[in-house]
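These protein sequence lines are chains A and B, in that order.
full-length UniProt numbering applies: residue 1 is where the first sequence begins, and numbers increase by one.
full-length UniProt numbering applies: residue 1 is where the second sequence begins, and numbers increase by one.
Note that these hints are calculated values from the structure, not bench results.
Because the structure is a prediction, the values reported are computed rather than measured.
Wrong hints could be hidden among the right ones.
What the hints assert, rightly or not - With a straight-line cut-off of 25 Å between C-alpha atoms, the simulated SDA-like cross-links for lysine to any residue are:
no., chain 1, residue 1, chain 2, residue 2
1, A, K145, B, V64
2, B, K355, B, T410
3, A, K325, B, S382
4, B, K406, A, V111
5, B, K406, B, A321
6, A, K281, B, F415
7, A, K227, B, G397
8, A, K145, B, N168
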Amino acid sequence: MATSSVSKGCFVFKPDFKKRKISVPIEDYFNKGKNESEDSKLRFETYQLIWQQMKSETERLQEELNKNLFDSLIEFLQKSHSGFQKNSRDWGCQIKLREIPTAALVLGVNVTDHDLTFRSLTEVLQNNVTPYVVSLQAKDCPDMKHFLQKLASQLMDCNVDVQSKEKESVQVTQKKIPYSMDSLSTWYMSVTQKTDVKMPRKKRTPSQWQSPPVVLILKDMESFTTKVLQDFIIISSQHLHEFPLILIFGIATSPVVVHRLLPHAVSSLLCIELFQSLSCKEHLTTVLDKLLLTTQFPFKLSEKVLQVLTNIFLYHDFSIQNFIKGLQLSLLEHFYSQPLSVLCCNLPEAKRRINFLSDNQCENIRRLPSFRRYVEKQASEKQVALLTNERFLKEETQSLLENLHVYHTNYFLVLRCLHQFTSSLPKYPLGRQIRELYCTCLEKNIQDSEEYASALQLLRMLAKDELMAMLQKCFKVFKSSSEKQLGNTAKRIEEFLAQFQSLDAEAKEEEEDTSESQSKGLQKTDLYHLQKSLLEMKELRRASKRQTKFEVLREQLVSFIDSLAREYLLLPETQPLHEVLYFSAAHTLRQHLNAAPRIALHTALNNPYYYLKNEALRSDEGCIPNVAPDICIAYKLHLECSRLINLVDWSEAFATVVTAAEKMDANSVTSEERNEIIQYPLKSLLQCPSKHTE
Amino acid sequence: MPHLENTVLCRESQVSTLQSLFGERHHFSFPSIFIYGHTASGKTYVTQTLLKTLELPHVFVNCVECFTLRLLLEQILNKLNHLSSSEGECSTQITCETFNDFVRLFKQITKAESLKDQTVYIVLDKAEYLRDMEAYLLPGFLRLQELTDRNVTVIFLSEIVWEKFRPNTGCFEPFVLYFPDYSIGNLQKILSHDHPPEYSADFYAAYINILLGVFYTVCRDLKELRHLAVLNFPKYCEPVVKGEASERDTRKLWRNIEPHLKKAMQTVYLREISSSQWEKLQKDDTDPGQLKGLSAYTHVELPYYSKFILIAAYLASYNPARTDKRFFLKHHGKIKKTNFLKKHEKTSNHLLGPKPFPLDRLLAILYSIVDSRVAPTANIFSQITSLVTLQLLTLVGHDDQLDGPKYKCTVSLDFIRAIARTVNFDIIKYLYDFL
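Turn these sequences into a full structure, and let the hints steer you where they fit.
Take a look at the structure:
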């Protein structure tokens, strides 16, 4: 595609549609150009299966979390509509200002997630309240005309969905979309009257309502211009009696923005009620809880990867969508880069697959560091068998995988149990959320950490009722799981509970003891004697500081928890074959998710070899190769000057560098080439402008 | 007109002026009348009832709705057409693009029998919106009688004085009529007028008296007062309904309602609580203090780095760029405030409002206030953009492609202090104004 232009610049080439797209089946990308033996196809299918399961799980979670909010919203909408129905019967209704019912929906700053929420909200509303749900974005409505046009066109589309073919002919002729409130309300009248006629024939879902309200969702309240919003509210409040509008403001920051955008004269036309969605941090906790802290999905993240994902969430965007995207990416990356990920599926299936592993894959297993460590610990004849006998290896792998599965089951149970104990401690030494605890457990042996020690210390100081509450919760955790492995533990906890309860009676007796001793001490009135006796009492108490029964029991409980943690909360790296399930390439993930445009530009200009991979460009520090792209040369020369650069000097230096080598080759520079050289600095001047404005 | 006197209260002089201006049906009236007055001073109501009761042919158009010239003209013409043609005829929609067409079509329509030989009135409500439309529109409407050569009067209703309308090219001067604000007596009379049928007029008047005593100092808007009156009336009646007090027991009733009204002033009047919520509270008889208003939710949860970006933006907006060295360099040497305080900067930067700052300065401050190392990743840049969409930062004057973008921080000091507290950053120590 050549251009005949004198200037050097960017040219846009529209893609040629005649060219047929070469469609490669997606699973072929998994091949990496290697041999088929690594089950790339199977891996891809497993990936797809697991991802589908995870996705549906997240969607289900989302629905569950939004349910509360949506229910209250629907209730509000239905209620506000009922006032509209019985209009003008009541004395009050006649005189009162007609207010537009408005729901202020505070969704939090994670704007990227809002789309999904609004989409499901629209769906829910359409199913439960009214077919007329319209959502508008600020960027679509720079002025009233566009606002109303968008509203009208979307409304009429809604209607087409509900009513089938008969109306279509009318729609087609209606080329120009009317953009006045008048035409909108007449349209509304005509539509609702028509459905009235249809009512007896066809039962509609939002039954018994003859005039369903029109719900208008303003997705990003903050970005709307004041004037458009004000005018629209004034206009629609005048038409409210014939056009039953309900507004939903999507607010990202705080509801005060309503007052900032609308003056009192306008906000007095609204009947605003506030709805708050779940905090996105809690949302993240639930997602993690249901996706990673479970044996339902075999795929696991290593500590570093989890850290990268949660850091992006907490430090940058608060976006659940992005988090799930990151999770998907790591899943994909895991199945793509790890040939043994073919075994990353549920246990029976994995066992079956082991039997069909190729020689190559067996070799891969032997190469796994965790497996090698495992082999080294075995007796010598077993070592030989493992390294030479394929069948023996496969059997061993099966049992190892099973162990890994059991390890996880126990791990999560104990983790949850420990979380119950530590989540309500003062100052939260092990974090308030279970994900923080999980991260620490993945990072290092938790028993060795200082936080763990201080948490145990704090546990030793808790009162009885607090401990009982924790035990109760813990017991529930164990009860809810059907696994048998830790049934013993559940029994122990129950025992502890019973023992604590039986303590009550004994505690009373002790109280009597202490009261006796106190009454004895208060007999004397002399100040000197009093002081002395007090000191004596103190000494006495210190000496006879024997542990009460409660303290003994508490100590036992703490050591029991400690032993649980020591036994089950082992690092995943210690488990043989953990590489099959754990994705640990945090660096790749970071590269993909946390792009650094400035750094990338700098590297490209400074070290062109990094991206171009041309051997000729490989250079030592400090020298400027003349074969590098001209822009790199210009950039490097510019870096050499401190702040200001003289254009003439710059081009001189540039010419020197470029022509130096060519003179050696005894090639003279043609005038055309020289022309280009002069043009380049000017171009690069435009590309790094910030440096030159100073 | 006894009927008119019953429906239009406290506007006798204005009504008689208008009536004498209108004259007999076939008389030519004044070409244009400009009526102005404060919100809810009865302009629209008086004009509308007058025209309706006198059964004069008129067209009533609200200029907010007609935000383009075409909409406005077409609406006038269509409504006129509706007037002139008899009931059954459903005439087609008239299209009209320019004022010239409007004059021509107007002539055509007013030729009809039903509109002949009588003054046609065009009322333009919220006429201040006309000023934003084409410049010739207002002078054109002022001279409509002359342009169309028909018996027509245009009435403008506005909240703004005529002087603000007058185009600098000069125009025909309309007859200006002022609607003064209702006095407290007037308000009392009008509000008492619509008493509920179940209770006597005196009882309601006493209630209105109490209501005005509380609200008159803050609100004279008749519509709003009427709204409040209806909203709180059930509470006032409560003792009577329960049988604890008679209708004449004003003192007791007053003691019952007064604190309630005061609470209403702080909440429902400001739309902190919606009126439906207020009604529900009344019914359940719970303390309104429990329900938090809109302004109570000022807390905004932000990602960790967004908080620091916002803090950095705030510092960049309110500190002079010169002082950055002192605040953010470790070894800045001893610079006392007196040394680097310039005369014109003695006034508080907070009084002057936020100043624009370039992106690079924001990033430089950000790097120095965050404890850990922050890489300038795409995530950081996109956070800045998302802060702009949240209206916590604003982009200023980004026309020059060569310059980097410039921003302003639009959050308040209280807000930023709350944010800074969550990340344990003592922002006051870094603000030049509080040094």
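Each hint, compared with the structure:
1. A distance of roughly 12 Å separates the Cα atoms of K145 of chain A and V64 of chain B; the hinted pair therefore holds under the 25 Å criterion.
2. A C-alpha spacing of about 10 Å is found between K355 of chain B and T410 of chain B, which places the hinted pair at or below 25 Å, so the restraint holds.
3. For a cut-off of 25 Å, the pair hint linking K325 of chain A to S382 of chain B stands: about 17 Å separates their Cα positions.
4. The straight-line distance between the Cα atoms of K406 of chain B and V111 of chain A is roughly 23 Å, inside the 25 Å bound, and the hint therefore holds.
5. Between the alpha carbons of K406 of chain B and A321 of chain B the distance comes to roughly 14 Å, so the proposed pair stays at or under 25 Å and holds.
6. Proximity of K281 of chain A to F415 of chain B is assessed by CA-CA distance (about 21 Å); at most 25 Å being required, the pair is judged to hold.
7. Of the pairs offered as hints, the one joining K227 of chain A and G397 of chain B holds, with about 21 Å between alpha carbons and a cut-off of 25 Å not exceeded.
8. Annotation: proposed proximity of K145 of chain A to N168 of chain B is violated, straight-line Cα distance about 29 Å (limit 25 Å).
Consistency note: the structure conflicts with earlier hint 8 alone.
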